[in-house]
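Chains as they are written, first to last, in our numbering: chain A, 1 to 52; chain B, 1 to 149.
Calculated from the structure, these hints are not laboratory results.
You may find that some hints are simply not true.
Stated by the list, open to error - Not close to chain A: a few residues of chain B, all C-beta gaps over 12 Å, as computed:
hint: 1; residue: I35
hint: 2; residue: L102
hint: 3; residue: K147
Said to hold, decoys possible - If we take Cβ atoms under 7 Å as the criterion, some of the chain B residues that face chain A in the derived model are:
hint: 4; residue: M1
hint: 5; residue: V2
hint: 6; residue: Q5
hint: 7; residue: T30
hint: 8; residue: P33
hint: 9; residue: E80
hint: 10; residue: Q83
hint: 11; residue: H119
hint: 12; residue: E129
This structure is a prediction, so every number in the text was calculated from the model and none was measured.
For each residue, glycine too, the CB sits at the ideal point set by N, CA and C.
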Amino acid sequence: MNSLKKNLPGAKEKNAPKIRIDKKLDAYSGKNLFPEKLENANKMIATLNLNK
Amino acid sequence: MVSSQDSTIFEFVSTGTKGNIDKLIQFQETDNPLIINLAFGDKKTSDKRGQPNIEIDDFAVSKNGDRDLILSTVAWSVYEYTQSHTEKWIFFAGTTPVKTRLYRMAISKYYQELSKDFHIFGLVIVDGETIKTPFDSSTQFDGFIVKRK
């Protein structure tokens with residue numbers, strides 16, 4: 001539990017994971033790495049009204 | 001954790017009872033320009049025709065013993081992405097009802113902290129329509145959508 005709280009977003013900044021830029025990942029930025037998840041997401045949000 | 005320059009892809013390592021498992025997170029554009037789909041899964045590399053190729057095991061249940069740490073890492077990626085995309089709504093849902101329930105439990109547990117920085121809604125499908133409703137810990141949601149405050 002304590003180790004989890006340390007990693008909790010909103011907890012102290014010093015406990016945030018260090019994020020390093022890796023340009024190798026840029027090659028995948030425009031690609032759909034999760035086609036089924038995106039398809040399911042689009043189905044669910046097709047009838048979603050954000051303003052309601 | 002490493003990230004692409006545009007903060008749409010993150011990679012990290014799950015370290016647990018089954019050893020090291022590479023994980024990928026992607027923030028994907030959807031058919032609605034205001035909504036981004038949050039997806040993550042196990043990264044596998046294969047060699048097709050002599051070229052390295054990333055494949056994702058979308059439905060993997062790694063059970064590496066560090067579930068909470070993984071969810072925390074994914075949450076941090078949402079903080080990172082929304083820092084430069086404040087206007088976007090982030091949608092996510094489990095690939096199974098069990099996983100969706102897991103996300104609900106995680107949000108419930110840390111709702112007080114998360115709600116300081118995010119508007120958090122659950123999504124329910126009623127008569128074929130997806131409805132956004134304020135999050136609560138007892139409703140069985142079909143998905144979730146959050147937006148940075």
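Now the hints, each set against the structure:
Listed as a non-interface residue, I35/B fails to keep its Cβ farther than 12 Å from every Cβ of chain A; the least gap is roughly 5 Å. Distance check for L102/B against chain A: the nearest CB is about 14 Å away, which clears 12 Å, and the non-interface claim stands. Not every Cβ of chain A is farther than 12 Å from the Cβ of K147/B; the closest lies at roughly 9 Å, contradicting the non-interface assignment. For M1/B, the suggested interface contact is upheld, since its CB lies about 5 Å from the closest CB of chain A, less than 7 Å.
At about 4 Å, the closest approach between the beta carbon of V2/B and any beta carbon in chain A falls short of 7 Å, and the interface hint on this residue holds. Because the closest C-beta pair between Q5/B and chain A is about 6 Å apart, less than 7 Å, the hint holds. Proximity of T30/B to chain A holds as hinted, the smallest CB-CB distance being about 5 Å (cut-off 7 Å). Interface hint status for P33/B: violated, as the beta-carbon distance to the closest one in chain A is roughly 11 Å, over 7 Å.
A least Cβ separation of about 6 Å between E80/B and chain A falls short of the 7 Å threshold, and the interface hint therefore holds. Given the 7 Å rule on beta carbons, the hint for Q83/B is violated: about 11 Å separates it from the nearest Cβ of chain A. With its C-beta approaching chain A no nearer than about 11 Å, H119/B sits outside the 7 Å limit, and its interface hint is violated. Proximity of E129/B to chain A holds as hinted, the smallest CB-CB distance being about 5 Å (cut-off 7 Å).
When each numbered hint is compared with the structure, violations occur for hints 1, 3, 8, 10 and 11.
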